[in-house]
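Produce the entire structure from the sequences given, and follow the hints as far as they go.
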Amino acid sequence: MYRKITLLLVLIGVAIPLQAQEQNEEGGNSPSVEERLNVLEEEIERLRLEKATKQYEGHHGMGPAASEVYHIGEGLSWGGYGEVKYRDYRSKYKTDQTDVHRFILYAGYRFNDWILLKAEIEYEHAGFEEETVAGSTVNSGEVFVEFAYIDLQFTEWAQLALGLNLVPVGITNYRHEPTTFLPSERSQTESNIIPSTWREVGAILHGDIGSFMTYRTGIMTGPRGAKFSESSWIRGGRTKGSKARSEDFAYVLGLDFYPYEGWTVGGAYYMGDSGQREIAEINWTDRLSDPLSGSDTTGLKTALSDIRNNRHKDARVRVHIAEGHLEYDYGPVKMRALLARGWMNERDARAVNRATGNNVGQVVEGAYGEVGFNVLSFF
1 MYRKITLLLV LIGVAIPLQA QEQNEEGGNS PSVEERLNVL EEEIERLRLE KATKQYEGHH
61 GMGPAASEVY HIGEGLSWGG YGEVKYRDYR SKYKTDQTDV HRFILYAGYR FNDWILLKAE
121 IEYEHAGFEE ETVAGSTVNS GEVFVEFAYI DLQFTEWAQL ALGLNLVPVG ITNYRHEPTT
181 FLPSERSQTE SNIIPSTWRE VGAILHGDIG SFMTYRTGIM TGPRGAKFSE SSWIRGGRTK
241 GSKARSEDFA YVLGLDFYPY EGWTVGGAYY MGDSGQREIA EINWTDRLSD PLSGSDTTGL
301 KTALSDIRNN RHKDARVRVH IAEGHLEYDY GPVKMRALLA RGWMNERDAR AVNRATGNNV
361 GQVVEGAYGE VGFNVLSFF
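In this note's numbering, the protein residues as written are 1 to 379.
Treat each hint with caution, since some may be false.
[Unchecked claim] List of simulated lysine to any residue pairs, SDA-like, C-alpha gap at most 25 Å:
id : residue 1 : residue 2
1  : 313       : 249
2  : 240       : 189
3  : 243       : 232
4  : 240       : 364
5  : 227       : 273
6  : 243       : 280
7  : 227       : 280
8  : 240       : 226
9  : 85        : 372
10 : 240       : 146
11 : 94        : 229
12 : 313       : 280
13 : 240       : 314
14 : 334       : 265
15 : 313       : 362
16 : 240       : 122
17 : 240       : 280
18 : 334       : 255
19 : 313       : 345
20 : 85        : 98
21 : 227       : 128
22 : 227       : 374
23 : 243       : 271
24 : 85        : 236
25 : 243       : 357
26 : 94        : 126
27 : 94        : 192
28 : 240       : 366
29 : 85        : 362
30 : 85        : 374
31 : 85        : 227
32 : 313       : 238
[What the hints assert, rightly or not] Using C-beta positions, here's what the derived DEER-type ranges look like:
id : residue 1 : residue 2 : range
33 : 158       : 117       : 13 to 23 Å
34 : 378       : 152       : 41 to 51 Å
35 : 100       : 42        : 21 to 31 Å
36 : 213       : 367       : 22 to 32 Å
37 : 243       : 331       : 40 to 50 Å
38 : 154       : 88        : 30 to 40 Å
39 : 341       : 42        : 52 to 62 Å
40 : 331       : 152       : 31 to 41 Å
Simulated from the structure, these hints should not be mistaken for laboratory data.
Note that the structure is predicted; figures quoted are calculated from it, not measured.
Glycine is no exception: its CB is placed at the ideal position from the N, C-alpha and C atoms.
Next comes the structure, spelled out in structure tokens:
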């Protein structure tokens with residue numbers, strides 16, 4: 001009797017789940033294994049197509065290689081570019097040259113939907129060589145951090161980049177990848193007046209105002225006036241974030257407007273003090289009437305008093321750069337033009353020249369334009 005009751009209970013326990021399974025299958029309350037496999041196959045195919053159709057384009061004013069992090073939802077992204085150049089000078093006075101000019105590695109990491117890290121490491125001229133004791137090897141290459149910053153994306157119109165930032169002046173400084181400009185070399189205007197690639201440590205507030213305007217403004221470390229030269233103006237004064245003297249700072253504002261499809265109209269203004277407590281203040285600016293060379297006793301006494309009073313004063317050497325640019329990029333046609341002007345007052349220019357022994361210009365101006373047509377659009 002006991003065995004019969006036990007067997008009956010076991011049979012009832014087995015029958016209940018079997019009946020429940022039949023009801024689920026008949027009622028369609030849960031998907032079958034085949035349906036689940038179909039869903040997984042569709043998702044894999046969607047991800048495969050999404051990866052295959054990924055567009056190679058820039059974001060937030062950056063070049064395509066430096067925008068990889070914007071193509072992912074979260075995690076690590078890689079990118080980069082390089083350029084190898086052959087120069088034939090067609091001259092018996094200059095030697096033709098082949099150079100691995102640049103090799104750039106980009107890494108980005110998106111922590112979440114509003115915090116991301118961006119960094120580039122740049123190798124120039126195939127790296128670098130150490131100079132031997134005998135001096136037989138020349139140090140001809142560079143390895144630098146091109147930029148490295150944390151970008152806090154609060155909203156579309158308010159984002160904050162903290163770290164080693166690109167200075168938002170000109171066109172090429174933000175989009176300096178070889179495929180983003182037409183010639184094989186960067187323009188002299190955006191190499192010397194605007195010393196691309198130009199980066200400094202600081203904070204840049206930036207954002208998009210609707211679809212018609214982008215702005216960038218912030219504070220950064222100033223350049224070193226003691227490194228200015230007559231051949232490249234302030235280019236030698238870039239600190240590149242390497243043990244940068246931080247006695248003086250710079251301020252910058254850049255705006256870009258998009259009035260019509262394919263058109264960009266913009267400009268920027270930069271003001272930076274570059275004395276960095278390395279350049280002494282001078283006491284006069286009139287090169288024709290030097291008070292120390294005069295015969296007037298009163299003039300000599302005044303000049304001597306000025307020298308004594310200003311002996312330990314530092315020159316601020318304030319540098320100004322203003323530029324305006326125009327771009328058109330639609331279909332197979334690409335055009336761009338830029339006008340730039342840099343200046344400092346005469347007192348600061350004379351202070352720099354006295355400190356460096358160079359003949360740095362007080363005012364520099366430059367402009368360029370380029371027009372291109374994509375002939376591959378016919379094919």
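Here is how each hint holds up against the structure:
Note on residue 313 and residue 249: the hinted pairing holds, with a Cα-Cα distance of about 18 Å set against a maximum of 25 Å. The straight-line distance between the Cα atoms of residue 240 and residue 189 is roughly 19 Å, inside the 25 Å bound, and the hint therefore holds. Under the criterion of a C-alpha separation no larger than 25 Å, the hint pairing residue 243 with residue 232 is consistent with the structure, at around 22 Å. Of the pairs offered as hints, the one joining residue 240 and residue 364 holds, with about 22 Å between alpha carbons and a cut-off of 25 Å not exceeded.
Our distance criterion of 25 Å between C-alpha atoms is met by residue 227 and residue 273, whose separation comes to about 13 Å. A threshold of 25 Å between alpha carbons decides the hint, and for residue 243 with residue 280 the separation of about 21 Å falls inside it, so the pair holds. Annotation: proposed proximity of residue 227 to residue 280 holds, straight-line Cα distance about 14 Å (limit 25 Å). Of the supplied pair hints, the one linking residue 240 and residue 226 holds, its CA atoms being roughly 15 Å apart against a limit of 25 Å.
With a C-alpha separation of about 21 Å, the suggested pair residue 85 and residue 372 falls inside the 25 Å cut-off, and the hint holds. Between residue 240 and residue 146, the direct Cα distance comes to roughly 8 Å. Compliance with the 25 Å bound is thereby established for this hinted pair. Between the alpha carbons of residue 94 and residue 229 the distance comes to roughly 23 Å, so the proposed pair stays at or under 25 Å and holds. For a cut-off of 25 Å, the pair hint linking residue 313 to residue 280 stands: about 6 Å separates their Cα positions.
Pair hint residue 240 plus residue 314 holds up; C-alpha atoms about 23 Å apart against a cutoff of 25 Å. For the proposed pair residue 334 and residue 265, the alpha carbon gap of about 14 Å is at most 25 Å, so the pair holds. With a CA separation close to 21 Å, the supplied pair residue 313 and residue 362 stays within the 25 Å bound. Taking the CA atoms of residue 240 and residue 122, the gap is about 12 Å. The hint holds against a cut of 25 Å.
Note on residue 240 and residue 280: the hinted pairing holds, with a Cα-Cα distance of about 24 Å set against a maximum of 25 Å. A hinted pair counts as satisfied when its Cα atoms are at most 25 Å apart, and residue 334 with residue 255 qualifies at roughly 21 Å. Distance hint between residue 313 and residue 345 is fulfilled; the C-alpha atoms sit about 17 Å from each other, no more than 25 Å. Restraint check for residue 85 and residue 98: satisfied, since their Cα atoms lie roughly 6 Å apart, inside the 25 Å limit.
A hinted pair counts as satisfied when its Cα atoms are at most 25 Å apart, and residue 227 with residue 128 qualifies at roughly 22 Å. As the CA atoms of residue 227 and residue 374 are separated by approximately 41 Å, the hinted pair breaks the 25 Å bound. With a C-alpha separation of about 21 Å, the suggested pairing of residue 243 with residue 271 holds against the 25 Å cut-off. Annotation: proposed proximity of residue 85 to residue 236 holds, straight-line Cα distance about 23 Å (limit 25 Å).
With a CA separation close to 24 Å, the supplied pair residue 243 and residue 357 stays within the 25 Å bound. Restraint check for residue 94 and residue 126: satisfied, since their Cα atoms lie roughly 21 Å apart, inside the 25 Å limit. Our distance criterion of 25 Å between C-alpha atoms is met by residue 94 and residue 192, whose separation comes to about 22 Å. Only pairs whose Cα atoms come within 25 Å are accepted, and residue 240 paired with residue 366 is accepted, the gap being roughly 24 Å.
Simply put, residue 85 and residue 362 have alpha-carbon atoms about 34 Å apart, too far for the 25 Å limit, and the pair is violated. This hinted pair checks out: residue 85 and residue 374 have alpha carbons roughly 22 Å apart, not beyond 25 Å. A threshold of 25 Å between alpha carbons decides the hint, and for residue 85 with residue 227 the separation of about 28 Å lies outside it, so the pair is violated. Distance restraint check for residue 313 and residue 238: the Cα-Cα separation of roughly 23 Å lies within the 25 Å cut-off, and the hinted pair is therefore satisfied.
Range check, residue 158 to residue 117: Cβ separation about 19 Å, and the 13 to 23 Å hint holds. Our hint of 41 to 51 Å for residue 378 and residue 152 holds, since their Cβ atoms are close to 45 Å apart. One distance hint, 21 to 31 Å for the beta-carbon pair residue 100 and residue 42, is violated here, with the actual separation near 45 Å. For residue 213 paired with residue 367, a C-beta distance near 24 Å keeps the hint of 22 to 32 Å intact.
Between residue 243 and residue 331 the beta carbon distance is about 47 Å. The supplied range of 40 to 50 Å therefore holds. Distance hint check: the CB atoms of residue 154 and residue 88 are about 51 Å apart, inconsistent with the given range 30 to 40 Å. Restraint check, residue 341 to residue 42: a C-beta distance of roughly 58 Å satisfies the suggested window 52 to 62 Å. Between residue 331 and residue 152, the C-beta spacing of about 36 Å keeps the proposed range 31 to 41 Å intact.
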